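Visitor: Here the structure of chain A is known, so what remains is to put chains B, C and D in place on it, guided by the hints.
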Amino acid sequence: MDAGTTLTIMDIRPFVPELTLLCAGLILILLDLIVKRKEIVAAVGVAGTIAALYATYKLFGYAQPQYAFFDMFVLDGYSSFFKLIFYLNLILTICISVKFMEIEKASCGEYYSLLIFATSGMMIMASAADLIVLYLGLELMALSTYILAGLTRKRHRSNEAALKYFFLGAFSSGFLLYGISLTFGLTGTTNIRDIAHAIYALNVMDSPILYLGMIFIVVAFGFKIALAPFHMWAPDVYEGAPTSITAFMSVGPKAAGFAVLGRVLFDAFGGMQVQWTSVLIPMAVLTMALGSIIALSQTNIKRMLAYSSIAHAGYMLLGVIAGTPEGLTSTANYLMIYTFMNIGAFAIVIMLRREGFRGENIEDFKGLSKSHPLAAALMLIFMFSLTGIPPTAGFVGKFYVFMELINSGYTYLAVIAVVFSAISAFFYLRIVMYMYMKDPGEEIVITTSPSMSIALAITCVMVLILGVFPSFLLNLVRYSILG
Amino acid sequence: MVPLSWYIMLSAVMFSIGVFGFLARRNLIIMFISLELMLNSVNVSLVAFSHYLQSMNGQILVFFVITVAAAEAAIGLAILIAYYKNNPTIKVDEINLLKG
Amino acid sequence: MQYAPTVNAMIKYTLIPLLPFLAFIINILLGRNFIRDKAHWVAIPAVFGSFVLAVSAFIDVANGQVINIDVYSWIVSGDFNVSFGFLIDQLSAIMLLVVTSISTLIFIYSVGYMHGDPGYYRFFAYLSLFVFSMLILVMANNFLLLYFGWEAVGLCSYFLIGFWFHKKSAADAGKKAFIVNRFGDFGFGLGVILIFLTLGSLDYMEVFNRAGGIAGQTINILGTDFDLITVICLLLFCGAVGKSAQLPLHVWLPDAMEGPTPVSALIHAATMVTAGVFMVARTSPLFNLSATAMNTVAVVGGLTAIFAATIALVQNDIKRVIAYSTVSQLGYMFLALGVGAYSAGIFHLYTHAYFKALLFLGSGSVIHALGDEQDMRNMGGLKKFMPQTYKVFIIATLSITGIPFLAGFFSKDEILWRVYQQGDLGKFLWFLGTAAALLTAFYSWRLIYMTFHGKFRGTDEQEHHLHESPPVITVPLWFLAVGAVAAGWVGIPPILMEHGDRIGEFLAPVLGHAQGHGSHAEEYFVIAASIFVAVAGWLIAHRMYIKKPEIPAQLGAKYQPIHKLLYNKYWIDELYSKVFVQPTLKLADKVILGFDTIVIEGIVNGIPALIDSFSQGLRRIQTGLISNYGLVMTLGALCMLIGYMVFSG
Amino acid sequence: MTVHQLIFIYFAIAMTGISLLVVTRRNPVHSVLFMLVLFVHIAALYLFLNAEFLAAVQIIVYAGAIMVLFLFVIMLLNLRREETEEKFHRQWPVSAGAVAVLAVFFIMIVSKIVVLPALGEYSIDAIRSEGSIMTVGKVLFTKYLLPFEIASIILLVAIIGAIVLAKKSTNS
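Residue numbers (my numbering), protein chains in the order written: chain A, 1 to 483; chain B, 1001 to 1100; chain C, 2001 to 2649; chain D, 3001 to 3172.
The hints are simulated quantities; they were obtained by calculation from the structure and are not laboratory data.
There could be a bad hint or two in this list.
Said to hold, decoys possible - Below, simulated BS3-like cross-link-like pairs (lysine-lysine); rule was C-alpha separation at most 25 Å, straight line:
hint : chain 1 : residue 1 : chain 2 : residue 2
1    : C       : Lys-2038  : C       : Lys-2168
2    : C       : Lys-2558  : C       : Lys-2548
3    : B       : Lys-1091  : D       : Lys-3087
4    : D       : Lys-3087  : B       : Lys-1099
5    : A       : Lys-370   : C       : Lys-2168
6    : A       : Lys-154   : B       : Lys-1085
7    : C       : Lys-2548  : C       : Lys-2564
8    : D       : Lys-3087  : B       : Lys-1085
9    : A       : Lys-154   : D       : Lys-3167
10   : D       : Lys-3087  : A       : Lys-105
11   : C       : Lys-2391  : C       : Lys-2547
12   : C       : Lys-2391  : C       : Lys-2176
13   : D       : Lys-3167  : B       : Lys-1085
14   : B       : Lys-1085  : B       : Lys-1099
15   : A       : Lys-58    : A       : Lys-154
16   : D       : Lys-3167  : B       : Lys-1091
17   : C       : Lys-2548  : C       : Lys-2455
18   : D       : Lys-3167  : A       : Lys-38
19   : C       : Lys-2168  : A       : Lys-438
20   : B       : Lys-1099  : A       : Lys-154
21   : A       : Lys-370   : C       : Lys-2167
22   : A       : Lys-58    : A       : Lys-105
23   : C       : Lys-2383  : C       : Lys-2455
24   : A       : Lys-36    : A       : Lys-105
25   : A       : Lys-370   : C       : Lys-2038
26   : A       : Lys-36    : D       : Lys-3167
27   : C       : Lys-2564  : C       : Lys-2176
28   : A       : Lys-105   : A       : Lys-154
29   : C       : Lys-2175  : A       : Lys-438
30   : C       : Lys-2383  : C       : Lys-2167
31   : B       : Lys-1099  : A       : Lys-36
32   : C       : Lys-2384  : C       : Lys-2548
33   : A       : Lys-36    : A       : Lys-154
34   : A       : Lys-438   : C       : Lys-2167
35   : C       : Lys-2384  : C       : Lys-2455
36   : A       : Lys-105   : B       : Lys-1085
37   : C       : Lys-2558  : C       : Lys-2547
Here the structure is a predicted model, which is why all the values come from computation and not from measurement.
Only chain A is shown next, with the shape it has when bound in the complex (with noise of 0.2 Å):
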């Protein structure tokens, strides 16, 4: 279904998922007014968040992209796959939220629905096919994250980090909003293929403009997926927002921001690749040195996954700068492996939370192997996988991403990217080392649940399952992207 000049029932197919979603959410904030127990809303939320996957599992497949509200929306295999991420990545984090909440005294049924539309909006992100379709999406979850990092209000640094998270948000909408604005005034619409037509039609690939108007919508985007240097508020608001959501943060918007970064400069400014390549390389360069760098010295573990993660956005810019559409592929693969491991190892923090200890310290792992030898052997394997250390998952996203980055003729690039994967080797074998040889401190006591154990199990053998048939995902992305 092509645009149209009106508007029919047909319209809403592509868009069941989000709807059903939304649906979900508002179900949500009516049931928390009837029930007590929020075990009860959190299951509620994944089911909905499940029923969303079975409208995104049957809408998938189509060999075309399917337009729908006036080219506002697109569906195709490209948004699926990022849809089915921020499916994991929400039905994971309500998992391990449950228990947490409750011993954070945060627990409400506004946590759940805000979650829900968090994800509402990096969908609608990744569907957009109209950059005003995706500033909504984008402030979408932007504002529900705001206020999802500030949830635990009694902490001073929850709130420290809403604040800047908010503020530091806002000023990279601004320059988001000013780069639309000069595309849209230099092209004359908003509709990225519009847009990418407009550019050839108009020959304006050279125009400074236009090439402002890429890098605001640039600094935007890094601003969401903490690329250096637009990544300076991510540690702080890691370390500060609640442990779950900064589990929640460092996967969503992250991948939203790479889905719409794929789109739009492949799509929209694909005429520009070599101007956004020469911005994106210093940047991913800068991404991962910082990244690896400053975590070596961190003692709060939280921090160091922030660092971490901001690595990790570096490795996966990798695989745009490659410029093809398999690099493109390459990052999404990369984002689903990076689901599993990142939630994974957040949940093993979450674990050590409970009354009246944090369980923050990179010190409160010391000889958790001897207390705790299965939560220990968990936390290896993510640290592994995060690192890199085959056969885990992580380096089989690691290894595509270098392989596509070689193929596009970027052999020194990925030369850096493996260095930088050996320093941080580091800090991820550090935790290992706190853990397996040495002494315990004091008593370690681990809180868990039934929801926290399935999202365990769940990350755990998925990490290790794509790592050893790696090609199953690999094929469902590159079906997705690729078609």
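Guide: Same frame as chain A, but now just chains B, C and D:
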């Protein structure tokens, strides 16, 4: 007629002033106002483009920007108040518990 | 001929390595809290299952079904394709049989030997992991998987050598094995990379098919041109030298005896150390292209055979004698490979696995009975206390020394005959080999006499506790004894029996026939010579240790320098320490005082410290202030703008 | 110089000046009040650009709602210290420099802007024939229906967020 570039230059100046306000002021509320100034400068440019290109897109986007700005103000000020309750300051250089 | 395997066959072949791996997973996860001292109930059925499947695979191969299949494509990216696949041909079928059968027996033996050890479940877990890795190594159909198995068996070996890690010597031995093997593995890794770079594939068949194409090409290293294939083969052989403890990297193996005796038997005698032999045989199509590499292999093998045998003459630690004997026998195998008699080498590998495992397990039985006493000077007269152990020891010794019609006789004779046929160099190496056989006979019987004959020389308390080992230990010994007697009957020289060399014929499709001619008279001469030295060595030992026990001491006194030289293992350990370790220390310590603090410490501590301080410095950028962050973002955007202005003019 | 241009120049100077005043006043209340003056100017500018609807929205929503919310919060926080302390952050000279360079490049680049693409259908006459509100409304509820609905969710999130963050105490 007034050339399009004049409007855009005006908007660029306002945007830069907004950025300056955000970067240089210590008071969070004034920083927030500077953010609003940035958004308004964008709106000016959008309306100007919309007029000169005889397209509706720009005006519609401005409409949405205003909507989002309202939502943003509500949330931002709520976060600010929540912060202020725990730590009564709105000086940006005193807000650095999280660093390193 | 290759046949498309059925799904059932694929499952079967996958299960062979998978069963021990499952046993490892189960034991390592549940061992500590649930399985504890029942770990063998997981491990033994798994290994036995592998054995049964291996027998079935062997029958398939014997019926002509050679299988080479990619079970799973791990990474597919453009031209680069990494597959995990199995190549089950005559060579790997024999290796499978050896590995699984010996593993099964040693697992059973370990139930008795390791009884009551606090790390019981851990022991079986590591041992299962080892079997898994070894099977992967053997079954691989490409170099990458081979390398994976190669490193994995090494890893298990270090774990198991240092199994009693609270014992300092055990921990040190593990470390030593690790470090020495680094040298070899580094070369091996380089070889694999070089193969990939020059031939563009890691799959055995593709590599072997393309290898002919690069014959005669040269590679420039430091200004000199070397034959490419020779370089590749020598690099691969480096790995074999490390893993199979050949000169000059043999030093780790005797120390590795610090590990539990079943480990010594399984890993350091029967299987892992023969991986180098297997690898060279597997890559024989490459080695065949380089005469230089072949001669190197033969010479290293021959020298190691005699060299290790001389050391074994005077050692007093029962396990060390057998360890040097292993090094020496491995030398024989390389000798065979080096003269192109690959099937003779594999034949000896196969018979050696049985009699050497038997020797180790027998000595384990002795050590067990004496309460962890390993010094033969404190033994003696055990014949009457441990009749069963004594009998199997005699069988193993007859076999290793090459007494006719036992396993060792046929395989060793095959090697010596093939070596003899290779011209002047062959004659010389044959002489070395025969001399080594004499020494072998001598030190083997010396071991028997010192341990089982004469009067008991240990403490009264030990004597009081002397007992025969329980059936769980002796039954596997008897099974191995059967192997030590009969394993050689598949390789009877044609000269003695028409179509007797069945193993040679069996392996011929993979390894080819050995080249060389010789008359029947010469062959009879070689056989007679080996029988003669075997008997001579026995008689000398008998005279020295039974008839006139004072002779060894007299000899030791008379030829003190030689005795010292041998006793101290030619001072090789000391030499390495003097040549490599101490000069470094001296240089760092005395010559340039302060050099060490600046350079060595600088490198060891400096780089991490530098990165750390760098990291600390960079942390300071992260001020925590919103304004600073916003400024950095603005500056970032500005840089992009300026960059554009600068570069696009 | 046409009259139009003269009027624009007035607006440009006035708006730049007011913007500077907004970001430099010591008292936030003054800043907000100058902001209101700026909004009136912006609304007037919208009228010149044929955006009557937006001019109204600018006054009603921005000036009438958002800025009042700001004032409300300023009153609520009761900021006394503002009178005596440093207005600017320590880094302000760097910021000023960076922003000045950015502004120079920015203005240099946008000064070259001209109308390139084909003109759309919403000419002044077309808008005038239907009226600005009707035109906007028609577009908003057909072509931009989806963004409009998303905006509604954003407002809902804002309401939930404000309540969650500001309500007295959690019920658990």
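Visitor: Determine for every hint whether it applies to the structure shown.
Guide: Hint-by-hint comparison with the structure:
1. C:Lys-2038 - C:Lys-2168: violated, 28 Å
2. C:Lys-2558 - C:Lys-2548: holds, 16 Å
3. B:Lys-1091 - D:Lys-3087: Holds, because 10 Å separates the two Cα atoms, which is no more than 25 Å.
4. D:Lys-3087 - B:Lys-1099: holds, 23 Å
5. A:Lys-370 - C:Lys-2168: OK: Lys-370 (chain A) and Lys-2168 (chain C) at ~23 Å, within 25 Å.
6. A:Lys-154 - B:Lys-1085: OK: Lys-154 (chain A) and Lys-1085 (chain B) at ~9 Å, within 25 Å.
7. C:Lys-2548 - C:Lys-2564: holds, 22 Å
8. D:Lys-3087 - B:Lys-1085: Answer holds: Lys-3087 (chain D) to Lys-1085 (chain B) is near 23 Å, not above 25 Å.
9. A:Lys-154 - D:Lys-3167: holds, 12 Å
10. D:Lys-3087 - A:Lys-105: violated, 38 Å
11. C:Lys-2391 - C:Lys-2547: holds, 21 Å
12. C:Lys-2391 - C:Lys-2176: violated, 35 Å
13. D:Lys-3167 - B:Lys-1085: Holds, at about 12 Å.
14. B:Lys-1085 - B:Lys-1099: holds, 21 Å
15. A:Lys-58 - A:Lys-154: Distance ~43 Å between Lys-58 (chain A) and Lys-154 (chain A) Cα, so the pair is violated.
16. D:Lys-3167 - B:Lys-1091: holds, 24 Å
17. C:Lys-2548 - C:Lys-2455: holds, 14 Å
18. D:Lys-3167 - A:Lys-38: holds, 19 Å
19. C:Lys-2168 - A:Lys-438: Distance ~20 Å between Lys-2168 (chain C) and Lys-438 (chain A) Cα, so the pair holds.
20. B:Lys-1099 - A:Lys-154: Roughly 20 Å between the alpha carbons, so the hint for Lys-1099 (chain B) and Lys-154 (chain A) holds.
21. A:Lys-370 - C:Lys-2167: This hinted pair holds, its Cα atoms lying about 21 Å apart.
22. A:Lys-58 - A:Lys-105: At roughly 39 Å apart (the allowed maximum being 25 Å), Lys-105 (chain A) and Lys-58 (chain A) break the hint.
23. C:Lys-2383 - C:Lys-2455: holds, 10 Å
24. A:Lys-36 - A:Lys-105: holds, 14 Å
25. A:Lys-370 - C:Lys-2038: holds, 22 Å
26. A:Lys-36 - D:Lys-3167: Holds. Lys-36 (chain A) to Lys-3167 (chain D) sits at ~18 Å (cutoff 25 Å).
27. C:Lys-2564 - C:Lys-2176: holds, 24 Å
28. A:Lys-105 - A:Lys-154: Judged against 25 Å, a Cα distance of about 9 Å means the pair holds.
29. C:Lys-2175 - A:Lys-438: holds, 21 Å
30. C:Lys-2383 - C:Lys-2167: violated, 31 Å
31. B:Lys-1099 - A:Lys-36: Judged against 25 Å, a Cα distance of about 38 Å means the pair is violated.
32. C:Lys-2384 - C:Lys-2548: holds, 21 Å
33. A:Lys-36 - A:Lys-154: Cα-Cα ~22 Å, so holds.
34. A:Lys-438 - C:Lys-2167: Roughly 20 Å separates the two Cα atoms, so the pair holds.
35. C:Lys-2384 - C:Lys-2455: Cα-Cα ~10 Å, so holds.
36. A:Lys-105 - B:Lys-1085: holds, 18 Å
37. C:Lys-2558 - C:Lys-2547: holds, 19 Å
When the structure is compared with the earlier hints, violations turn up for hints 1, 10, 12, 15, 22, 30 and 31 and for no others.
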